[in-house]
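A.B. asks: Order-wise, the sequence lines are chains A and B. Residues in the first sequence are numbered from 635 upward in steps of one, following our numbering. Residues in the second sequence are numbered from 635 upward in steps of one, following our numbering.
Since the hints were made in silico from the structure, they are not lab data. No residue lacks a Cβ here, since even glycine has one placed at the ideal position from N, Cα and C. Check each hint, because a few of them may be wrong.
Just a sample of chain A residues kept apart from chain B, beta carbon distances all over 10 Å, derived [claimed, not checked]: (1) G704; (2) Y712; (3) S759; (4) S771; (5) I777; (6) G786; (7) R797; (8) A806; (9) S833; (10) P836; (11) I980.
Okay, derived cross-link-like pairs now, EDC-like style, lysine to aspartate or glutamate, Cα gap no bigger than 16 Å in a straight line [unchecked claim]: (12) A/K921 / A/E1004; (13) A/K971 / B/D1030; (14) B/K1026 / B/E1041; (15) B/K975 / B/D1000; (16) B/K971 / A/D906; (17) B/K975 / A/E745; (18) B/K645 / B/D952; (19) B/K813 / B/D903; (20) A/K975 / B/E1001; (21) B/K871 / B/E811; (22) A/K772 / A/E811; (23) A/K971 / B/E1004; (24) B/K779 / B/D827; (25) A/K779 / A/D906; (26) B/K975 / B/E1004; (27) B/K975 / A/D827; (28) B/K971 / A/E745; (29) A/K975 / B/D762; (30) A/K772 / A/D688; (31) A/K871 / A/D906.
There are 2 protein chains.
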Amino acid sequence: MPEFLYLLPPKEAAQTWLERVIHRTEAETIPSAEALGRVTAEDVLAPHPMPPFDRSGVDGYAVRAADTYGASESLPAYLEIVGEVPMGAPPKFRIGAGQAALIHTGGMLPEGADAVVMLEYTQRSREDEVEVLKAVSKGEEVIIKGEDLAEGAVVIPRGARLRAAEIGGLMALGILEVKVARRAVVGIIATGDEVVPPSATPAAGQVRDINSYTLAAEVQRGGGVPRQYGIVPDDPKALAETVGRALNECDMVVVTAGSSASTRDMTADVLDSYGPPGVLVHGVNTKPGRPTILAVTAAGKPLVGLPGNPVSALVNMDLFVIPALDRLHGLQIRRPKPTLKARLTINLPSAAGREDWWPVRLRQTDEGWEADPIFYKSNLIFSLVRADGLLKVPADATGLPAGAIAEVRLL
Amino acid sequence: MPEFLYLLPPKEAAQTWLERVIHRTEAETIPSAEALGRVTAEDVLAPHPMPPFDRSGVDGYAVRAADTYGASESLPAYLEIVGEVPMGAPPKFRIGAGQAALIHTGGMLPEGADAVVMLEYTQRSREDEVEVLKAVSKGEEVIIKGEDLAEGAVVIPRGARLRAAEIGGLMALGILEVKVARRAVVGIIATGDEVVPPSATPAAGQVRDINSYTLAAEVQRGGGVPRQYGIVPDDPKALAETVGRALNECDMVVVTAGSSASTRDMTADVLDSYGPPGVLVHGVNTKPGRPTILAVTAAGKPLVGLPGNPVSALVNMDLFVIPALDRLHGLQIRRPKPTLKARLTINLPSAAGREDWWPVRLRQTDEGWEADPIFYKSNLIFSLVRADGLLKVPADATGLPAGAIAEVRLL
């Protein structure tokens, strides 16, 4: 196992690690209506042009643009009304010179027409005549066949996470099924002789397992499927047996370590044994979260050892577990992350070279968000319960002064 | 039905409407491990103090602080090691004057000790002796019983959405079940003679139903349960029958209108008939999304008529449907919304008094995010597929100049 005396910053640590993660979940075909949040496994192509015919973008009158040239409120163009375009059916008439037809938004442009005049720029003078109060140019208020999408065009690229908009796009094209990456299954193993299940009443010196459950919640949030393997005692053989079993059944395995240094070392030894490459990162230059272990199996599956401290563990899930899920799912299209900028209310100390994440409460003011740091000793999950987000003290800063604007990652 | 000639801005419209929504979903008890994203229906109280005993926050030596006073690297304090605190069990010894014990993070502080010296400030001089290189004060590196939470304290207030941190907090306290608001069921009805299901091949003049599916996705995102009622033709009797049935079975009903003005008027008439108060808002001063209808039934359930244009519909789901779900679930604790500030790359026109939402692509630069507006004609769902978010042109601005910093709501 390589020893890293120099602790990597989180970003470099994640990069070093993730580029060795070559395992991917296979593709599966699912109904588009159930695909929210899933990642596409291939390019989705338009099966036909969109719109499939020239269509009105507004309520108004379909006209020949040339018939409206020079029209104004004081000098309207008078056009003969030849009919009303029915919704849901093609019009049975055509528009000749000097003619117009009532049309609704989405209605199919009748043959002969090449523009639409919005209703508000018209006036019905007689039953079969409309006054047009404004000139329109060719194509005005018309959505041309294929304007939105040509047949065969890439509608949604491979590696994109499907949002509500994409679900709508698939439905618009009648694409009822979509090929997506299977949800990654994440094996969760807790270690530590002192760790008991939440259902137990801890004896003196024992603590309840928290990290298995916060991790399961984060895995769900990241689009994965958590699978719990229970609590393993501080015994390398028992841990190796459980990690081996989990690796057979899962796409990624996360060990939430006990709080003692010896448990952490044992975890690192076990995780390293599934390489090469094995352990790539042992310790990250961040607070909280320093004793994090990042490894890769010979088959390219990611392995993580998280610190026992629940705050550290939660910070590192966001920094490492969520990006690993994205990698397993083959995510390529990265959307901006929802971060906030906030004004720090007090001075925050930090060691140079170390990236700190402080739990903060946010308060909206007229000048934007203000961030009040929550002070905590290690292990206090409740400092996070009280927090809106984590404020970043960048590695190149030796702390941040009151009044500084800093990035906050919402919890 | 009251007529509103003055179009309300979205915020005022939402407020006017939501304060009349008195219906709430009832409480249900579910396993804490499955409660991610749910809203608490009562205060969650601490069943016992946290931590339940004095505990070390670090790896080190448990000591009497007084024995370390004056200690330094050049003049260490020498303490007798009387044992090692076992993990998962109370120590069987006590610390007397001049004594110390090895302790791990989370270990129970032995009787007699009142502080912990971190391992890095100690040196093991002999098998049974440790040199302390730094003075510690009483309570240092110790997490005192109840420091985190007193027995009976409110851990999570009523009306809070449960995040991973809260799931962890519940587990830390052994709270395996939690009372939350039942997920609101949202009835979804599409209308329009021209609308066909996505499985159909649209004839000329027909369009596929998109909004039922984008809405279902948004309802899921907002923590609700979508229930589809299919496509109803442009017939007030048929629509009233379906809305009535949906209201019996759901907590909220949303009608995604066809694109014609006549369908919208019909929808408004039908929605109004379930009052008083009936229709409270008919038209919102926003683009897209103007022809939005917000109503409340006599039983205080929310009713929405969304514009047929898929872009308008999606913008309005975010502005109205998501907040209504929060209200039905009794959400009280509002976390900051994930918005971004971005620099606009070109001039954007807008009418004074109208709030515009422009689809934009975001690009990260050294100076922060840049937003490129995507131009679209009405109805183009694919402009949203290409977008990262919606940029807000505030109602008090007559457009925004290139270079202006604007708020972007991520899609």
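A.B. asks: Decide, hint by hint, whether the structure agrees.
C.D. replies: We went through each hint and held it up to the structure:
1. G704: Nearest chain B Cβ is 25 Å from A/G704, so the label holds.
2. Y712: holds, 24 Å
3. S759: holds, 20 Å
4. S771: Given that every Cβ of chain B is farther than 10 Å from that of A/S771, nearest at about 14 Å, it holds.
5. I777: violated, 5 Å
6. G786: Non-interface label on A/G786 holds, nearest chain B Cβ at 14 Å vs cutoff 10 Å.
7. R797: violated, 6 Å
8. A806: Non-interface label fails for A/A806: nearest chain B Cβ at 5 Å, not farther than 10 Å.
9. S833: violated, 6 Å
10. P836: Violated, since 7 Å does not exceed 10 Å.
11. I980: Label holds. Min Cβ-Cβ 19 Å, cutoff 10 Å.
12. A/K921 / A/E1004: violated, 22 Å
13. A/K971 / B/D1030: Roughly 28 Å between the alpha carbons, so the hint for A/K971 and B/D1030 is violated.
14. B/K1026 / B/E1041: holds, 6 Å
15. B/K975 / B/D1000: The given pair, whose Cα atoms are some 14 Å apart, holds under the 16 Å limit.
16. B/K971 / A/D906: violated, 41 Å
17. B/K975 / A/E745: violated, 46 Å
18. B/K645 / B/D952: holds, 12 Å
19. B/K813 / B/D903: violated, 39 Å
20. A/K975 / B/E1001: At roughly 13 Å apart (the allowed maximum being 16 Å), B/E1001 and A/K975 satisfy the hint.
21. B/K871 / B/E811: Violated. B/K871 to B/E811 sits at ~45 Å, over the 16 Å cutoff.
22. A/K772 / A/E811: violated, 38 Å
23. A/K971 / B/E1004: Satisfied, since the Cα-Cα distance of roughly 14 Å is no more than 16 Å.
24. B/K779 / B/D827: violated, 68 Å
25. A/K779 / A/D906: violated, 58 Å
26. B/K975 / B/E1004: Roughly 9 Å between the alpha carbons, so the hint for B/K975 and B/E1004 holds.
27. B/K975 / A/D827: Not OK: B/K975 and A/D827 at ~48 Å, beyond 16 Å, violated.
28. B/K971 / A/E745: violated, 48 Å
29. A/K975 / B/D762: violated, 52 Å
30. A/K772 / A/D688: holds, 13 Å
31. A/K871 / A/D906: holds, 14 Å
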